[in-house]
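Novice: As a plain string of letters, each chain reads:
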Amino acid sequence: MAKNLSGELHVASANRLRDGMVVFLDEAGEWTTRLDRAAVARDERSAEILLARAQAEAFGVVDSFLVAVAESNDGTLEPLSLREKIRASGLTFDAIAAEAVRYA
Amino acid sequence: MALFRLNPQAVQEPALTLANTDDVLALGDRLDGVKLIVLHFPKFTDGRAYSQARLLRERLGYAGELRATGAVFLDQLPFLLRCGFDSFESEQKGFAEALARARTLFSVVYQPTGDGRVTAGQLRLRQRSAVAA
Amino acid sequence: MPDTHFYRYDDYDRALVSERVAQFRDQVRRRLAGELTEEQFKPLRLTNGLYLQLHAYMLRIAIPYGTLSTRQLRQLAAIARKYDRGYGHFTTRQNLQLNWIKLEGAPDALAMLAEVDMHAIQTSGNLIRNVTADHFAGAAIDEIEDPRIWCEIVRQWSTLHPEFSFLPRKFKIAITGSPNDRAAVRVHDVGLRLWRNEAGETGFEVIVGGGLGRTPMIGKTIREFLPKDDLLAYLEATLRVYNRYGRRDNLYKSRIKILVHEIGPEKMREDVEAEYAAMKDSALKLTPETIEAIARQFAPPALRSKRTKVPEVEALKLENRAFALWLKSNVAPHRVPGHAIVTASLKPAGAPPGDASSAQMEGVADIADAWSQGEVRVSHEQNLVLPHVAIEALPEVYRALERLGFAEANVGKITDIIACPGLDYCALANARSIPVAQRISTHFAELSRQHDIGDLKIKISGCINACGHHHVGHIGILGVDKNGVELYQISLGGDVDFGKTALGTILGPAVEADKVVEAVDALVATYLEARQADERFVDTYRRIGAQPFKERVYGAV
Ligand code: HEM
Ligand code: SF4
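Chains as they are written, first to last, in the numbering used here: chain A, 1 to 104; chain B, 1001 to 1133; chain C, 2001 to 2557.
Hints listed in this document are in silico derivations from the structure and should not be mistaken for laboratory results. Yeah, the Cβ is synthetic: ideal placement off N, Cα and C, and Gly gets one too. Incorrect hints may appear among the rest.
Stated by the list, open to error - Label pairs and their computed distance ranges (CB to CB): (1) C:PRO2548 x A:ASN73: 49 to 57 Å; (2) C:ILE2291 x B:THR1017: 24 to 32 Å; (3) B:LYS1093 x C:ALA2111: 23 to 31 Å; (4) C:ALA2015 x A:ARG53: 45 to 53 Å; (5) C:PRO2548 x A:ASP26: 57 to 65 Å; (6) C:GLY2034 x A:ALA28: 15 to 23 Å; (7) C:GLY2034 x A:GLU48: 19 to 27 Å; (8) C:GLY2545 x A:GLY75: 27 to 35 Å; (9) C:PRO2179 x A:GLN55: 52 to 60 Å; (10) B:ASP1032 x A:GLN55: 49 to 57 Å; (11) C:GLY2034 x A:ARG53: 36 to 44 Å; (12) A:ALA28 x C:ARG2025: 31 to 39 Å; (13) C:GLY2034 x B:GLN1122: 40 to 48 Å; (14) A:PHE93 x B:LEU1060: 30 to 38 Å.
Sequences are here, hints too, so could you generate the full structure?
Specialist: Shown next, in the form of structure tokens:
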């Protein structure tokens, strides 16, 4: 895994144990649902440290792992892979909204 | 590793230890006089020893102690008991308490096995014949 | 509310299901308290139907033999509203999946299910899964015997089976009671087909080792005729052989189909028969009283014969073209004259296939109470079925379904697409399935065109696991991932109709997501030019071969 990390940006992610929500590790070592609050590792070495921290904070989450991200000029983070984009931002189509369909 | 036995007085010699790939139907006279058979769960998701246990009890009529070793956790207990195990090695916390409760966790069983429990199907038949009588 | 015409739980069934909820509640508590690791907990939650997907937990609820009372359907709607986001996904395996469940809420959701005699037991994990059946069971005109009686017997036997809860891999059983197989029995781990022999007795053909997934295989018959009262002994024998000898060294080789393939159907038959011979006369033998008691509960509703030619229906047919088409595609003959089986299409143009909101579920329940004896079925094509509708009620049922958005006249047509959840939900996916299905169904929405194209089954899976049955689609679409780009591999010629079960053949290189519609268009155009008389798409393909399709697609793409 190490060689893929070099020079790339990463955040640590997992699913929250109690409700399954997608969460990211922030600088304070807390899990947050907001990608914009995630701690970003900027090189291989800090990515390894970030992952180790995520695994140490495993209580309350399931299966932590690193997500490769891109950062735009204004600091907005976006995962590189489609899978992680979808994890971070939800379905790519409109699910049926709860009460969208009414009948008389 | 802690040992839990339903019959603490039972004789444990001679003993036979089997791998879960051994064919119990091919044991022949190796079973003669055996008082303890130890079956193995390499992982708790590897369920071959359940079939071995039932064949030993129900097909071969083995009546001695039957022990589960390896990855043995309390959530398997209802299944283990129904397949004829009566002795368990486990490191898990709370195992003894779980063992005490395991037989009553499910008041209903559907499958006839060698454990002597009356199945839902048999109870229904009895009820029906009681009504008919 | 009308009485149900299928198995009703008694106190034993109820006790077991509620004890199971209590057990799971305790397991969840132990997990949240940190007493169980995820590794220990995962198989426990899976055997209660709880997956962890991309964004949340998913709860898979069993709908045994696809049969629901309206009370149950309303409760499913209520659970989706209370513990999920107000909708659910009906699957090809007669399950309902809720995609946004919380672990904390799961025991309560299961308790609500138990209130209506339902559960999510064994909808995942390496054990015997929810047993599926023909969705027209008990109403079909060609039926020899209602397969659901046997599904219920198998359901009970398989529930918390002590020996078979840790099999090498999952195990799926399907049962059909009709010569026209609507349960895909040849692509299940065990398929059972009821038939009548020359002596006039009914029994089972036992088919073993079918399956889709990574290595699709068509099942082999290991017994031509099994006396019905030996069903459980034979299944127990089969499962025991599999539990002992199925491969556990390689996840991809662990299904029974690989065992059958490696040792050969002959050896499989020998081993199963030997085990069966030893168990045949055990307590597993089903007594006539046991069978009778269950069969009685499936006694069909007492429908009186009615008019088959109804002036209102005939009139509406003339004035409303959509209704006329709907009668053709969504309404099937019923065994009682003057009645029909109506399929509510969960595939309106552009919608996610198989999804229904809580309000829609309640709407279907209202319709079933008014016009279908309070009964609803789930089909393996991801539609809902109203099994007992009087022909004279068809106009009203049509209008009511139309208000729900479920009156699309497309059953069996090109937009009646089966699609798995794909990359939008599924942690194992390579590519999205639902948006592809939506694009195809929007493109082909025009009904008279669909009816002109005729029967054409498109099935889409987001990865090789084949939950969307792409192998047996007339047109199969499989999502693959190439360097982070979603591509779709197209195959042609799959089928699941009995006697014709066939696996599709890959057409050529995978195409990009935005080219899938064009490719399907090209396939359809090729077919329309080449078809003779009323040949189906797949028949034309079989007659003329892949080449003309290939040229058109890869010329056009
Ligand atoms: C979304 C979560 C799902 C996951 C994680 C999942 C997982 C899997 C896996 C791993 C396999 C391959 C098994 C094998 O080849 O041994 C499989 C097969 C299958 N699944 Fe799913 N599946 C999911 C959803 C569904 C849905 C929604 C349906 C029904 C629409 C479904 C129906 C099937 C069927 C029919 C097969 C192939 C038949 C066979 O087992 O041979 N699955 N699934
Ligand atoms: S086919 Fe693949 S992507 Fe689709 S639901 Fe199954 S496992 Fe997920």
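Novice: Taking the hints in turn, state whether each one holds.
Specialist: Do the hints match the structure? See the list:
Taking 49 to 57 Å as the suggested C-beta distance range, the pair PRO2548 (chain C) and ASN73 (chain A) conforms, at roughly 52 Å. Separated by about 43 Å at the C-beta atoms, ILE2291 (chain C) and THR1017 (chain B) break the suggested range of 24 to 32 Å. Between LYS1093 (chain B) and ALA2111 (chain C), the C-beta spacing of about 27 Å keeps the proposed range 23 to 31 Å intact. Between ALA2015 (chain C) and ARG53 (chain A), the C-beta spacing of about 47 Å keeps the proposed range 45 to 53 Å intact.
Taking 57 to 65 Å as the suggested C-beta distance range, the pair PRO2548 (chain C) and ASP26 (chain A) conforms, at roughly 58 Å. Remark: the range hint 15 to 23 Å for GLY2034 (chain C) to ALA28 (chain A) is upheld by a beta-carbon distance near 21 Å. Between GLY2034 (chain C) and GLU48 (chain A) the Cβ separation comes to about 26 Å, which falls inside the hinted range of 19 to 27 Å. Remark: the range hint 27 to 35 Å for GLY2545 (chain C) to GLY75 (chain A) is contradicted by a beta-carbon distance near 57 Å.
With their beta carbons about 57 Å apart, PRO2179 (chain C) and GLN55 (chain A) fall inside the hinted range of 52 to 60 Å. In this structure the hint that ASP1032 (chain B) and GLN55 (chain A) lie 49 to 57 Å apart at CB holds, the actual value being about 53 Å. As the Cβ distance of GLY2034 (chain C) to ARG53 (chain A) is approximately 19 Å, the hint placing it in 36 to 44 Å is violated. Separated by about 33 Å at the C-beta atoms, ALA28 (chain A) and ARG2025 (chain C) satisfy the suggested range of 31 to 39 Å.
Range check, GLY2034 (chain C) to GLN1122 (chain B): about 41 Å between beta-carbon atoms, so the 40 to 48 Å window is met. The given range of 30 to 38 Å is broken by PHE93 (chain A) and LEU1060 (chain B), whose C-beta atoms sit roughly 58 Å from each other.
Checked against the numbered hints above, the structure violates hints 2, 8, 11, 14; every other hint is satisfied.
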